[in-house]
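In case you want the letters, here they are:
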Amino acid sequence: MTQASSLSRINRRNGLLFCLPWLIGLSVFLIYPLGAALYYSLCDYSVLLPPVFIGLDNYTDLANDPLFWKSLGNTAYFAFGSVSLGLLVSLGLALLLNTKVKALGLYRTIFFLPSLMPVVASSILWMWMYNGQSGLINTALHAVGINGPAWLADPVWAKPAIVLMSVWGAGNAMVVYLAGLQDVPTSLYEAAIIDGAGFFQRLIHITLPMISPVIYFNVVLSVISGFQAFTQAFIMTGSTGAPERSTLFYVLNLYNVGFQDLRMGYASAMAWVLFVIILLVTWAATKLSQRFVTYDR
Amino acid sequence: MKGLFRARDHRSATRCGRRLGATALLAIIACAALGVSSACSRNGDKPTLRHITYWEKWNGFESEAMDLVVADFNAQEAAHAKRDPNYAPIEVEKVTVSKIEQKLLIAIAGGNPPDLAGNYSFVVAAYADHGALTELGPMLAKSGFDRSRYIEHYVRLGEYRGRTWAVPIAPASTALVINKRLFAEAGLDPEKPPITIEELDAFAEKLTKWEVTSADGHKHIETGYLPEVPAEQKRLVQVGFLPNEPSWWMFGWGDFFGGRLLQGTDTVSTASPANVRGFEWVASYSQKLGVGVIKRFRSGFGNSSSPQSAFLSGKVAMVMHGTWIHNFIEKYAPGLAWSAAPFPYPADHPELARTTRADADVLMIPKGSAHPEEAARFIEYASTQAALEKLCLAQQKFTPLMSVSEDFWRAHPNPYIRLFRELSMSENAVSIPRTEIWNEYNRELGNATDLIQNLKEPPSRALARVQTKMQAALDRDRKLLARREAP
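Chains as they are written, first to last, in the working numbering: chain V, 42 to 338; chain R, 30 to 516.
One thing to keep in mind: the hints can contain errors.
[What the hints assert, rightly or not] Under the rule of at most 27 Å between Cα atoms (straight-line distance), these lysine-lysine pairs were calculated in the DSS-like manner: (1) R:LYS209 - R:LYS263; (2) R:LYS508 - R:LYS485; (3) V:LYS111 - R:LYS485; (4) R:LYS498 - R:LYS508; (5) R:LYS248 - R:LYS263; (6) R:LYS498 - V:LYS111.
[To be verified] Some but not every residue of chain V turned toward chain R, in silico, with C-beta under 8 Å: (7) SER87; (8) LEU90; (9) VAL93; (10) GLY96; (11) ASP98; (12) SER175; (13) ALA191; (14) THR281.
[Claimed, not checked] Here are the simulated distance ranges between beta carbons: (15) V:THR140 - R:PRO259: 48 to 54 Å; (16) R:HIS247 - V:ALA220: 58 to 64 Å; (17) V:LEU182 - R:ARG512: 52 to 58 Å; (18) R:ASP295 - V:ALA184: 54 to 60 Å; (19) V:ALA184 - R:HIS247: 18 to 24 Å; (20) V:ILE165 - R:ALA376: 41 to 47 Å; (21) V:TYR73 - R:ALA511: 27 to 33 Å; (22) R:GLY253 - V:ALA326: 42 to 48 Å; (23) R:HIS247 - V:LEU154: 43 to 49 Å; (24) R:ALA376 - V:ASN188: 35 to 41 Å; (25) V:THR140 - R:PRO363: 36 to 42 Å.
For the record, the hints were derived by calculation from the structure and aren't laboratory data. All of these numbers come straight from a predicted model, not from anything done at the bench. Even for Gly, the Cβ is constructed at its ideal location relative to N, Cα and C.
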């Protein structure tokens with residue numbers, strides 16, 4: 042008995058030893074920064090000088106900061122805009138690519154390829170596409186008699202332009218949807234066809250319920266990355282979120298406050314607020330998923 | 030037997046665990062030993078060399094210019110060591126770092142800064158207030174640093190709250206730069222650039238061209254702002270002047286009307302009447318040309334340092350530009366006929382003549398520099414007239430020194446370099462406000478300028494909002510600063 046328990050103790054110790062690199066990594070790179078950021082969010086901290094504890098001042102200042110609300114609004118617009126549009130496009134593409142057509146592999150590769158491009162490179166590419174005078178989009182619009190806007194310089198169009206650009210990376214979600222679609226038993230479709238169900242009836246009553254876990258997965262991931270939007274705006278419209286702060290996203294604002302103004306305590310408070318927001322949105326999505334997602338097979 | 034086996038298993042498992050633990054420990058010790066030994070061997074290779082790292086913001090020709098100075102310094106140090114075997118020579122290793130104004134702070138905060146850094150003068154106040162710099166005054170005093178050798182405006186850029194934190198090395202100023210061919214085509218005398226803002230506006234109208242489509246579909250060129258022609262019938266092809274081309278100094282147009290963004294160090298004065306007047310002048314171009322027209326026209330421009338830039342491609346006839354414009358012209362539009370003149374002043378304020386934006390590149394020693402004395406030696410060398418002239422000639426700028434050699438003037442390729450230098454000595458030379466909240470202030474001004482140019486808000490209201498917000502930010506920062514400095 043003693044030997045058995047000491048053996049299990051040894052096994053536990055060895056197990057812990059093998060886990061140690063991961064545990065160290067988790068502690069050093071995740072738990073400590075999270076805790077430190079929480080502490081600094083309660084301090085006036087300029088990075089270069091020791092933090093001075095100021096209680097909840099940063100959080101109360103945040104609540105009264107119009108830029109905080111502006112950037113939060115912009116980010117929510119982007120997150121929900123890009124998630125909805127991304128869902129439609131990637132699911133639509135996956136449905137199209139789930140059919141039996143010639144050179145299917147080629148199409149799949151073509152639609153997946155853009156998502157492999159780094160965000161910085163694709164942002165620069167889209168800056169040219171959106172060029173008000175000689176951009177591809179305005180040239181195409183001009184051909185059909187529409188005088189396109191100066192997309193990224195126009196406060197009305199800059200944000201929708203960045204949302205529209207997010208579709209460029211739909212390939213990743215498309216592959217996941219495709220995998221989900223191929224997992225739907227064909228017998229269900231056969232039965233539905235025998236019952237006289239059309240394409241849309243099959244889509245609504247079979248396809249969507251059957252791939253609902255995949256949709257849930259993609260939506261949650263997209264919402265999280267949507268709230269973290271930074272690179273597109275930083276590259277395409279600059280760190281000020283021009284024009285008229287229409288592209289000042291939350292993380293961009295956080296970056297300005299933390300790394301340009303050296304108000305790292307305030308930036309830490311912003312980071313924690315974002316963390317809680319993402320947590321709440323994910324929780325809400327999970328709650329919703331209990332009603333709409335089916336894991337039955 | 031079973032018990033024996035179990036006992037043996039137990040012992041072997043214990044041994045195995047011990048072995049694992051010992052192996053892990055050995056691995057850690059070995060890694061540490063390797064690190065130490067490699068550090069020792071690095072030190073052992075050149076025991077007497079004093080190696081210092083220097084972060085520089087420029088790449089391209091400006092960086093190559095500084096390479097020349099670094100090479101000369103290293104050669105001089107090597108020669109010294111050759112003459113005197115007891116002398117440990119200093120070797121400067123220059124590294125180009127983009128976004129240095131932010132990365133340097135992070136490096137300082139991380140406790141691993143370079144020994145020396147080449148930065149912009151506008152960061153000095155914020156860096157000094159955050160305790161990110163080594164004060165240069167005492168070190169420079171030892172080497173006999175004489176601030177009267179410098180053009181007063183530039184040496185002041187390195188000073189803040191009565192102390193010296195940085196030394197200017199490559200200054201610049203701005204002037205009105207005109208395209209002489211476009212002047213001649215518009216019937217203007219290319220040798221007579223505008224002197225007042227009113228003249229500039231009048232010239233700009235004459236230099237603005239549209240492609241107009243008449244009712245029968247025929248296209249022809251017309252000059253002026255053409256308010257009577259509907260927007261869908263005209264396409265802007267050339268413009269006389271745009272306040273946001275280039276857009277680097279949009280925050281500072283009030284300076285040209287006698288305004289200042291900061292009064293002293295504690296009062297934000299964004300909404301002063303002179304600043305409002307300056308931004309009303311900026312808005313007047315949006316009113317004359319049309320907000321959407323300007324946006325579309327500007328989106329066709331390339332980068333400032335490219336042949337497609339607004340001025341180099343001949344799309345904008347007059348721009349405010351810096352000393353370095355000659356280099357861009359030489360490289361991207363070698364045949365361009367151009368000239369430079371002091372930027373115009375409002376006719377009712379002749380005392381504002383020769384207003385110029387004058388900032389500088391500076392050398393600074395970050396807090397925590399491992400070799401501050403050696404870095405100061407390099408600063409001392411780089412501040413000699415010979416080194417500064419070599420650097421500024423290669424960068425096509427003028428030096429920050431009062432004294433200039435005849436060889437420098439003779440060798441300088443920019444035909445207007447004397448003008449740029451004289452402007453920097455004007456009493457109306459202005460620089461970016463020296464305040465720790467400049468980054469935030471600049472972003473607020475950028476947003477206000479957006480609203481003003483898009484005719485969304487009158488300048489008085491937009492600037493008043495910035496003033497209120499930035500005064501609060503300055504007060505907040507001062508309060509925090511006092512709290513940080515409190516024992």
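Is LYS248 of chain R close enough to LYS263 of chain R, meaning Cα to Cα at most 27 Å?
Judged against 27 Å, a Cα distance of about 9 Å means the pair holds.
Holds or violated: the hint that GLY96 of chain V contacts chain R, with Cβ atoms closer than 8 Å.
Not OK, violated: GLY96 of chain V not within 8 Å of chain R, min 13 Å.
Is the shortest C-beta separation between SER175 of chain V and chain R less than 8 Å?
Holds. Min distance 6 Å.
Are LYS111 of chain V and LYS485 of chain R close enough, with their CA atoms no more than 27 Å apart?
holds (17 Å)
Restraint outcome when LEU90 of chain V is required to lie within 8 Å of chain R by C-beta distance
holds (5 Å)
Check the following: the C-beta atoms of LEU182 of chain V and ARG512 of chain R are separated by a distance inside 52 to 58 Å.
Cβ of LEU182 of chain V to Cβ of ARG512 of chain R: about 55 Å, so the range 52 to 58 Å holds.
Does the alpha-carbon distance linking LYS508 of chain R and LYS485 of chain R stay inside the 27 Å limit?
violated (34 Å)
Starting from the hint 36 to 42 Å, judge whether the C-beta atoms of THR140 of chain V and PRO363 of chain R obey it.
violated (58 Å)
Pairwise beta carbon distance, THR140 of chain V to PRO259 of chain R, judged against the given window 48 to 54 Å:
Holds, since THR140 of chain V and PRO259 of chain R (Cβ atoms, about 50 Å apart) stay within the stated range.
Tell me if the beta carbons of ASP295 of chain R and ALA184 of chain V are separated by a distance inside 54 to 60 Å.
holds (58 Å)
State, for the Cβ atoms of TYR73 of chain V and ALA511 of chain R, whether the hinted interval 27 to 33 Å holds or is violated.
holds (31 Å)
Does the closest beta carbon of chain R sit nearer than 8 Å to the beta carbon of ASP98 of chain V?
Hint on ASP98 of chain V: violated, closest Cβ of chain R at ~10 Å, above 8 Å.
Hint check: violations occur at hints 2, 10, 11, 22, 25; the rest are consistent with the structure.
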